[in-house]
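In order, the protein sequences belong to chains A and B.
For the first sequence, this note's numbering assigns the number 4 to the initial residue and increments by one for each residue that follows.
For the second sequence, this note's numbering assigns the number 340 to the initial residue and increments by one for each residue that follows.
Since the hints were made in silico from the structure, they are not lab data.
Zero decoy hints are in this set.
Only some residues are given here: those of chain B computed to face chain A with a beta carbon under 8 Å:
no., residue
1, G459
2, W523
3, V527
4, L529
5, R536
6, I553
Stretches of chain A that chain B covers, calculated by requiring three or more beta carbons in the stretch to come under 8 Å of a beta carbon on chain B:
no., segment
7, 72-78
8, 148-155
Note that this is a predicted model, so its numbers are computed, not measured.
Every residue gets a Cβ at the ideal spot worked out from N, C-alpha and C, and that includes glycine.
These are the residues of each chain, in order.
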Amino acid sequence: MSTPQSLVNQLAQVEFFAGMALPELELLARHAHAADHDTDEYLLQRGRPASGFYLITSGRVSLELDAPRGRLAVQTLGAGDVLGISWLIPPHTWQFSARAVKPVSTIFFDTAEIRQRAERDVVLHDDLMTRFMQLMAKRLHATRIQLLDLYQPPAYQGGEQWSP
Amino acid sequence: MESVTHAVSPAMLPQAVPVADFQWELADTFTLYFFTDGEFEFEPGQMAMIALAGVGEVPISISSNPDERDHIALTIRAIGFVTKALSRLRPGDVVGLRGPYGTSWPLESAIDRDLVIVAGGIGLAPLRSVIYRALNSRGSFGNLVLLYGARDPTSLLYERELHDWRGRFDMEVEITVDRGGPEWMGDVGLVTHLVDRAQFNAEDAIALVCGPEIMMHFVGEALTRRGSRSENVYFTMERNMKCGIGLCGHCQLGPEFVCKDGPVFPLTRIGPLMGVKEL
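Kindly produce the complete structure, drawing on both the sequences and the hints.
Structure representation (structure tokens):
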């Protein structure tokens with residue numbers, strides 16, 4: 004199957020794929036297709052099989068958990084962000100749901116074959132793992148900072164804090 | 340506001356000034372307004388010392404439009420002894436005011452360049468005056484970007500202005516919260532994530548940042564990753580102040596007096612001090 008060169012070029016410009024070798028970009032492009040999603044459409048649903056990942060090219064996607072008091076957004080992703088990590092990790096089911104909060108355009112990568120290929124190709128495996136590990140580390144870092152509750156006022160220690 | 344007018348003097352001694360208006364902004368944050376008769380000129384980023392007789396004095400950044408000379412506004416979070424007492428003031432009550440003090444945002448260096456304003460929580464207050472000034476001479480700047488992070492949707496300061504600014508065609512306003520409830524339709528996540536996707540020329544833009552120090556540290560990193568030069572990034576610092584004029588040393592941060600040498604510092608000067616645990 005021929006690979007549209009324009010998609011390879013487009014991927015090469017995305018920070019997540021920066022520096023990726025051409026054969027790997029071509030492999031990804033062969034298993035990619037563009038998709039549009041209306042507002043409130045779910046891109047991922049928690050508990051369903053994780054069969055790939057998205058590159059968001061425009062719009063906003065909310066990563067969510069359903070809770071007794073309604074759905075709770077844990078992070079919002081936008082253009083240039085990669086959505087979907089669970090395809091890499093057993094049991095390969097989505098751990099969060101992802102919903103378009105405004106019309107979204109994406110490129111979806113079907114990873115069924117890519118994963119099989121990566122199991123045989125150490126270089127591809129390492130490259131994908133490194134990129135997704137960096138993505139996971141970045142999100143873990145952000146989550147930890149969110150947990151710090153930075154915007155709460157510091158504990159009163161006998162002196163007056165300057166406002167802000 | 341009521342029509343009581345008393346001039347605020349820029350002299351070093353506190354001037355007795357009645358509160359012209361009082362407005363709650365958030366559950367723990369309020370704004371005091373004072374008439375100035377045009378005699379209290381300040382630059383965006385500067386602060387005033389506000390005193391309550393028998394209670395104490397605190398430095399508060401000035402959050403009003405610097406080009407509206409008839410009044411000033413001080414937005415204050417009630418977190419300590421003095422600020423909680425200030426939160427009980429009402430129009431007509433008298434306070435002591437002196438100032439303005441400290442350095443200002445270097446808006447002149449942003450002329451013909453993109454201007455990126457990054458605020459966290461109540462850190463929007465010291466930046467509101469610079470937003471007003473930038474909008475008053477909008478044609479002097481390239482892209483004008485406000486990136487604002489808050490704890491949750493109920494913690495968004497100056498909500499009316501945020502709506503107004505967001506409705507403009509000549510300003511990009513991006514807002515994110517750490518915790519969005521079921522009704523929140525906006526972004527959830529760190530303000531640093533907004534830095535990654537905002538529309539500005541990072542190599543040349545001037546960035547003005549105010550918020551908790553840890554947040555400013557990570558915003559500085561995000562700006563650097565985007566390609567910003569550290570000499571173009573400015574932080575405003577918060578320390579316990581007393582005299583406001585660099586004499587008492589309460590606000591000393593290494594070799595810097597935050598009240599006199601700051602509160603606005605370039606990242607090149609303040610960055611190395613921010614990671615020092617003892618400071």
